[in-house]
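Chemist: Residues per chain, in single letters:
Protein chains: 2
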Amino acid sequence: MKLQVAMDVLTVEAALELAGKVAEYVDIIELGTPLVKNAGLSAVTAIKTAHPDKTVFADMKTMDAGELEAEIAFSAGADLVSVLGSADDCTIAGAVKAAKAHNKGIVVDLIGVADKVTRAKEARALGAKFIEFHAGLDEQAKPGYNLDVLLSAGEEARVPFSVAGGVNISTINAVQRAGADVAVVGGSIYSADDPALAAKELRAAII
Amino acid sequence: MKLQVAMDVLTVEAALELAGKVAEYVDIIELGTPLVKNAGLSAVTAIKTAHPDKTVFADMKTMDAGELEAEIAFSAGADLVSVLGSADDCTIAGAVKAAKAHNKGIVVDLIGVADKVTRAKEARALGAKFIEFHAGLDEQAKPGYNLDVLLSAGEEARVPFSVAGGVNISTINAVQRAGADVAVVGGSIYSADDPALAAKELRAAII
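Here the protein sequences come in this chain order: A and B. Here the first sequence is numbered in the numbering used here, starting from 125 and rising by one per residue. Here the second sequence is numbered in the numbering used here, starting from 125 and rising by one per residue.
Take these hints with a grain of salt, some might be off.
[What the hints assert, rightly or not] Just a few of them, taken from the derived set where beta-carbon distance is under 7 Å, the chain A residues facing chain B:
id : residue
1  : Ala189
2  : Leu192
3  : Ile196
4  : Ser210
5  : Asp212
Derived by calculation from the structure, the hints in this document are not laboratory data. Heads up, the beta-carbon is just placed ideally off N, CA and C, and yes, glycines get one too.
Sequences and hints are given; from them, build the entire structure.
Modeler: Structural data, given as C-alpha cells:
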C-alpha cells in the first residue's frame, strides 16, 4: 500500500516546506484543492520540480470541463488529477482522455456520492486509474463520523482504490486490511508537531 | 434581470482584456473555475481591482472545506462565491458563514444535481443568496441538450435563481420569461468575434 500526503496548506511556500520534510516517507504528494485554487497550478509545477521522483497529485476536484481541467493540471506537472464522482460521465471521460494523452492517471473522488460502490465501478469502467473513497473535512467534522463505512465500501467495490477521511496512525492498518492501494493522510501529518516523524511512523506502520 | 459574463479563459491577462471589453454591459463578472485553478485567487483580486464597481463572482465550485474556500475567495475580493449543490449541507452552511462574515453572498451551483428543484429549496434554506440552474460545458456538448429543462426547473423552484448553460441572444428572453434573476452568458460573449458587441446586444435584449 502506498502512502499519500494531502497538503491542505494555502501557499506554495508552505507546501514546499511540508513536502521537503515528508517526501522521503511518502509515495504520492497531493496538493489539496484549496491550495490549487489559492495559488494556481504553478504550485503543482513548484512541487514537481522540487520532487521529480515523487508522484504528484493535483486535487482538482473537477466537476466540469474535464478534458480542459485535466490537461492544464498535467501540463503543469501533475501525475495524477482528481475528478469528482458526482460529475457527469462525459466529464470523467474527458479527463481520462487528457490523462491518456499525457500517459498519466485520473483519480475519481467519491466525496458526496451516496452510492459509492456503484459509482466506483462506473468510474473505473470510464478509465479512472483508481477511485478515492473519501469523506471530506466537513463530513469528518460531523458527530458520529466513522472511517469504517468508507473501508467497507472500498472493499466491496473491487476496484483499485484509495481511502481519505482522517486516516491516522491508529487506522492505517485497517485501511491496509481493507485492501486499499493508497492511504491518504492529511491532518495527521500536516498538523503534527513533527510532520516528518508522523510520516515516518505512518510509513513504518504499513506492512 | 442581471447579466453575468462567465470568463472561461485561462490567464489573468486574458481575463483582464475580456473584462475590459464587456464590463460596461454586464452586472456580474465571473471568473470561471479553470481560470481560478490555473491562475489562483490573485486573478480575482486583479479583476476586482480593475472593476471595483462590478460584482465579481469567483466560480470556486466548492465541494469541501466550505468555510475555508469561501473565506479565501472573499478575502481575495470576490463578492459572490459558488458552492456545489452536490456538496454536503455543512459545506454549504460553512460557506454561508464566511459570506455573512464578509457581508457577501454564496451561490449554489446545481450542476450535476438530479433533482434540482428540491436541492434549490434546500440550498436557499441554508442561506444561499441565489441558486444557479446550470448545465456544464460537458453536458451542453451532449446530443439533444436543451436549455428548457433548466428554465422549467428554475421556474418551479420559486427561489432567486440564475441560469447558465449556453444562454445566447436567441434564448435570453426565454430565460427572463422564466423569472431568472441573473442570466449567465459564457461562450456567446467570450467566443464572439466582437465580445463587446455581443455583450451590448445581450444587454439590450433584456427588457
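Chemist: Let me know if the C-beta of A:Leu192 comes in closer than 7 Å to any C-beta of chain B, holds or violated.
Modeler: 6 Å, holds
Chemist: Grab the minimum C-beta distance from A:Ile196 to chain B and call the hint holds if it beats 7 Å, violated otherwise.
Modeler: Since chain B brings a Cβ to about 5 Å from A:Ile196, closer than 7 Å, the hint holds.
Chemist: So, as I understand it, the hint says A:Asp212 touches chain B; can you test that by seeing if any CB pair is closer than 7 Å?
Modeler: Holds: closest Cβ of chain B sits about 5 Å from A:Asp212, inside 7 Å.
Chemist: Go through the hint on A:Ser210 and say holds or violated, using the shortest Cβ distance to chain B against 7 Å.
Modeler: Since chain B brings a Cβ to about 4 Å from A:Ser210, closer than 7 Å, the hint holds.
Chemist: Hint check: is the beta carbon of A:Ala189 less than 7 Å from a beta carbon of chain B?
Modeler: Constraint on A:Ala189 satisfied, holds at 5 Å.
Checked against the numbered hints given earlier, this structure breaks none of them.
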